[in-house]
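K.L.:
Using the sequences and the hints given, assemble the complete structure.
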Amino acid sequence: MNTETLRALVDCLIPPDDFPGAYDAGVCNYVERLLQTDLADEAELFVASIDATDAEAVARYNVPFAVLTHDQQISLLEAIESGAVESSWPMAPSRFFTILVNTTAEGYYSDPQQGGNLGCVSWIMTGFEDPADS
Amino acid sequence: MKKYDAIIIGTGAAGGIVACLLAEAGKHVLLLERGLALSFADVGRDHLRNQRLAIYGHNAGPELAGNPRVFVDPQGRSRLVKPHELDYHNNAACVGGGTRVYGAQAWRFHPDDFRMASKYGVPDGSSLADWPITYETLEPFYERAEWELGAAGDGDGIRSEIPRRRNYPLPPVPPSPQTVALENSARQLGWRTSPVPLLINTEAYRGRSACIACKYCVGFACPTDAKTGTQNTVIPRALATGNCELKTSAVAEAIETDDRGNVIGVSYFVNSSGTPQQVTARSRLVIISAGAIESARLLLNSRSPFHPTGLGNEYDQVGRNLQGHLYPRAYGLSSTKVFNGIGPGVTIATIQFNHDNPGIIGGGMLADDFIKPPIDFWYDSLPPDLPRWGAENKRFMRDNYTRVMHLRGPVQDIPNPDGRVTVDETVRDKWGVPVARLSGTTHPATVDAAEFMRERGEQWLRASGCEKVWSTQPGLILSGRQHQAGTCRMGSDAKDSVTDEWGRIHNHDNLFVVDGSLHVTNGGFNPVLTIMALAFRSAEYIARVI
Numbered sequence: 215m216n217t218e219t220l221r222a223l224v225d226c227l228i229p230p231d232d233f234p235g236a237y238d239a240g241v242c243n244y245v246e247r248l249l250q251t252d253l254a255d256e257a258e259l260f261v262a263s264i265d266a267t268d269a270e271a272v273a274r275y276n277v278p279f280a281v282l283t284h285d286q287q288i289s290l291l292e293a294i295e296s297g298a299v300e301s302s303w304p305m306a307p308s309r310f311f312t313i314l315v316n317t318t319a320e321g322y323y324s325d326p327q328q329g330g331n332l333g334c335v336s337w338i339m340t341g342f343e344d345p346a347d348s
Numbered sequence: 376m377k378k379y380d381a382i383i384i385g386t387g388a389a390g391g392i393v394a395c396l397l398a399e400a401g402k403h404v405l406l407l408e409r410g411l412a413l414s415f416a417d418v419g420r421d422h423l424r425n426q427r428l429a430i431y432g433h434n435a436g437p438e439l440a441g442n443p444r445v446f447v448d449p450q451g452r453s454r455l456v457k458p459h460e461l462d463y464h465n466n467a468a469c470v471g472g473g474t475r476v477y478g479a480q481a482w483r484f485h486p487d488d489f490r491m492a493s494k495y496g497v498p499d500g501s502s503l504a505d506w507p508i509t510y511e512t513l514e515p516f517y518e519r520a521e522w523e524l525g526a527a528g529d530g531d532g533i534r535s536e537i538p539r540r541r542n543y544p545l546p547p548v549p550p551s552p553q554t555v556a557l558e559n560s561a562r563q564l565g566w567r568t569s570p571v572p573l574l575i576n577t578e579a580y581r582g583r584s585a586c587i588a589c590k591y592c593v594g595f596a597c598p599t600d601a602k603t604g605t606q607n608t609v610i611p612r613a614l615a616t617g618n619c620e621l622k623t624s625a626v627a628e629a630i631e632t633d634d635r636g637n638v639i640g641v642s643y644f645v646n647s648s649g650t651p652q653q654v655t656a657r658s659r660l661v662i663i664s665a666g667a668i669e670s671a672r673l674l675l676n677s678r679s680p681f682h683p684t685g686l687g688n689e690y691d692q693v694g695r696n697l698q699g700h701l702y703p704r705a706y707g708l709s710s711t712k713v714f715n716g717i718g719p720g721v722t723i724a725t726i727q728f729n730h731d732n733p734g735i736i737g738g739g740m741l742a743d744d745f746i747k748p749p750i751d752f753w754y755d756s757l758p759p760d761l762p763r764w765g766a767e768n769k770r771f772m773r774d775n776y777t778r779v780m781h782l783r784g785p786v787q788d789i790p791n792p793d794g795r796v797t798v799d800e801t802v803r804d805k806w807g808v809p810v811a812r813l814s815g816t817t818h819p820a821t822v823d824a825a826e827f828m829r830e831r832g833e834q835w836l837r838a839s840g841c842e843k844v845w846s847t848q849p850g851l852i853l854s855g856r857q858h859q860a861g862t863c864r865m866g867s868d869a870k871d872s873v874t875d876e877w878g879r880i881h882n883h884d885n886l887f888v889v890d891g892s893l894h895v896t897n898g899g900f901n902p903v904l905t906i907m908a909l910a911f912r913s914a915e916y917i918a919r920v921i
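From first to last, the protein sequence lines are chains F and G. Numbering-wise (the working numbering), the first sequence opens with residue 215 and increments by one. Numbering-wise (the working numbering), the second sequence opens with residue 376 and increments by one.
Please keep in mind that the hints were generated in silico from the structure rather than gathered at the bench. No experiment lies behind these values; they were computed from the predicted model shown. Any given hint might turn out to be false.
[As the list claims (entries may be wrong)] Chain G is nowhere near these chain F residues, computed Cβ spacing over 12 angstroms in every case:
#	residue
1	Asn243
2	Leu259
3	Asp265
4	Asp268
5	Ala269
6	Ala280
7	Val281
8	Leu282
9	Gly297
10	Glu300
11	Ser302
[Unchecked claim] Covered stretches of chain G (in silico footprint by chain F; criterion: 3 or more residues with CB under 8 angstroms from a CB of chain F, positions within the stretch not fixed):
#	region
12	427-438
13	760-766
[Said to hold, decoys possible] Derived, one-sided and incomplete: chain G residues facing chain F with beta-carbon distance under 10 angstroms:
#	residue
14	Arg420
15	Asp421
16	His422
17	Lys590
18	Ile750
19	Lys769
20	Arg773
21	Thr777
Backbone N, C-alpha and C define an ideal beta-carbon position, used for all residues, glycine too.
P.N.:
See below:
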């Protein structure tokens, strides 16, 4: 799997600001673990769709997704979300995007035992946990 | 072969109570549970695999593999569903059943809930009917459930709608910042409110400790056993008598009958030693308490030349009128923080819209909500106009997780005979038994009532000063899930009901159903206290006649 691309993708979905973005919160660990377990049936197509994301980036901008400017990344993600892709995809791009958005949120906001939400970062950010208690 | 006085199938809200009362009356009881006795650690705190948010699995059974159901959507397309999927309509399968992981709201039904047909008439396409008993008949058993198990609330706050002789044994949960805002706005609207009654020890009660106000109530197990379930009250009492034998991982296959069609026992599968075994146990009497879907399935799968379409099903009534609750949900963005991290989180309700709403049949209760873990909030509670991803989504989670007020409530189901449980001959579980097939929807009048209640939710939040309000409205779907009820209705006529007022199957003297299946209608409230009250009533009767 192209981990650089996955990293860039999840950081577009939950970007760093005053609080860590998805990658720094461990979301890629979470997604990779899920692809070996509960999402194993769709893992092959999902991984191929990450490559298809790069192929779309190359077709439009001649560089892979991780190298695009932020605005280019967002614009390409909006195209994938709406299914407006130029190449052929291993699964419906909107379906890939839904899985990506949901699993990124799951990795960021669920319990750290799942592999993401390192240091309970999202729980402190949202106020679900009081930092004084952690 | 050993012959028991009674075999009880299921250890949930009803089965646990029946086992306890019979065992304490000196009867020899075999109590079968298809799941396991789950410890606090077994249930765990997985935010993605629990009874409230079950994305990839759940935490209180049944196992995902080998226990499918068939779901038929409103367009008539059928598909296999796994236990953690919404369309499976699961309730927990473990010792304690749903009470192991429920939220424990301890509502009585309203007196008018027992006379829906008389009050409203029967709309076309509905099987709306009166109960064979009144609220007054059940009232002492509600009181017994509240005092014997331990309910917390403020009886004076709801007495004007639902009369009662005695208050609750325990004080209500304390208010939160959200409670105060909702209470003040309700007063301005002229609405009455009360604390939400809960089967949770707000103080130590009957040997179990008090709630520690953690953030994991509904969907999870309680770390201090302050949340009351049958697994920590009546089942230990039953076992302490020495008269009750509890078998876990014991899956009922069929009710056994003799060559004249009389009920003589139960055949079941056990897997406790790792090797599956088929066992037949004999008893003078059988009580099915497996929940509205599995109780119906068991009767339908109990066929013989005397009962070719299943026991109790001469008139094709078993499995019909499956009911649960549609749940309208409303959310409002408050200008101040309303989350204080103190569980269970549900604190205030209004029950004045349960009846007498213009142009509406029934209605429902409306309350604030249990604490929602952030991922549950992300899936469930975000405004529809918020982007699902990107900086704006993250900012909303950061700024507003503690500022969103939640209201939701169960709307009285107007029963539809076509919303039903049958069995699917072509799909078998891992034991080879035909699985439940769920089809149909609730009646359109339920959707009208849900829409009315959604509007009340929005109204309440706007009056509370929320700057932005949004809501979700369930459509015309099958309801059931954890509030499943109605599939073996009580009544006086075998042509339109399955049991008599005690839960005894018509034309059988020794076969009973005691669980939510008996509910003729399911109220506009969480049904568990009614299931418990009926169980106390039926169990007292069964202990007398056995």
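K.L.:
It remains to establish, for every hint, whether it holds in the given structure.
P.N.:
Consistency of the hints with the structure:
For Asn243(F), the condition that its CB be more than 12 angstroms from all CB atoms of chain G holds, with the nearest at approximately 15 angstroms. Against chain G, the non-interface label of Leu259(F) holds: every CB pair exceeds 12 angstroms, the least being about 18 angstroms. Every Cβ of chain G is farther than 12 angstroms from the Cβ of Asp265(F); the closest lies at roughly 21 angstroms, confirming the non-interface assignment. Its beta-carbon lying about 19 angstroms from the closest one in chain G, Asp268(F) satisfies the requirement of being farther than 12 angstroms from that chain.
Here Ala269(F) stays apart from chain G, with its beta-carbon at least about 21 angstroms from theirs, past the 12 angstroms limit. The claim that Ala280(F) lies off the interface holds: its Cβ sits roughly 17 angstroms from the closest Cβ of chain G, which is beyond the 12 angstroms cut-off. Every C-beta of chain G lies more than 12 angstroms from that of Val281(F), the closest at about 20 angstroms, which supports listing it as non-interface. Look at Leu282(F): its CB is around 15 angstroms from the nearest CB on chain G, clear of 12 angstroms, so calling it non-interface holds up.
Every CB of chain G is more than 12 angstroms from the CB of Gly297(F) (nearest about 15 angstroms), matching its label as outside the interface. At roughly 22 angstroms from the closest C-beta of chain G, the C-beta of Glu300(F) stays outside 12 angstroms, upholding its exclusion from the interface. Interface exclusion of Ser302(F) from chain G stands, the closest Cβ pair being 24 angstroms apart, more than 12 angstroms. Evaluation of the coverage hint for the region 427-438 of chain G: fulfilled, as 3 residues show C-beta separations to chain F shorter than 8 angstroms, against a requirement of three.
As drawn, the region 760-766 of chain G meets chain F at 4 residues by the rule of a beta-carbon pair under 8 angstroms; at three or more, the given contact holds. For Arg420(G), the interface hint holds, the least distance from its beta-carbon to any beta-carbon of chain F being 6 angstroms, beneath 10 angstroms. Against a cut-off of 10 angstroms between C-beta atoms, the interface hint on Asp421(G) holds, since the closest Cβ of chain F lies about 7 angstroms away. Using the Cβ-Cβ criterion of 10 angstroms, the hint placing His422(G) at the interface with chain F is satisfied: the shortest such distance is roughly 4 angstroms.
Of the supplied interface hints, the one on Lys590(G) holds, with its beta-carbon coming within about 7 angstroms of a beta-carbon of chain F, less than 10 angstroms. Among the interface hints, the one on Ile750(G) holds; its C-beta lies about 4 angstroms from the nearest C-beta in chain F, closer than the 10 angstroms criterion. Because the closest C-beta pair between Lys769(G) and chain F is about 5 angstroms apart, less than 10 angstroms, the hint holds. At about 5 angstroms, the closest approach between the beta carbon of Arg773(G) and any beta carbon in chain F falls short of 10 angstroms, and the interface hint on this residue holds.
Interface restraint check: Thr777(G) against chain F, minimum CB-CB distance 4 angstroms, threshold 10 angstroms, status holds.
In the structure shown, no violation is registered for any of the earlier numbered hints.
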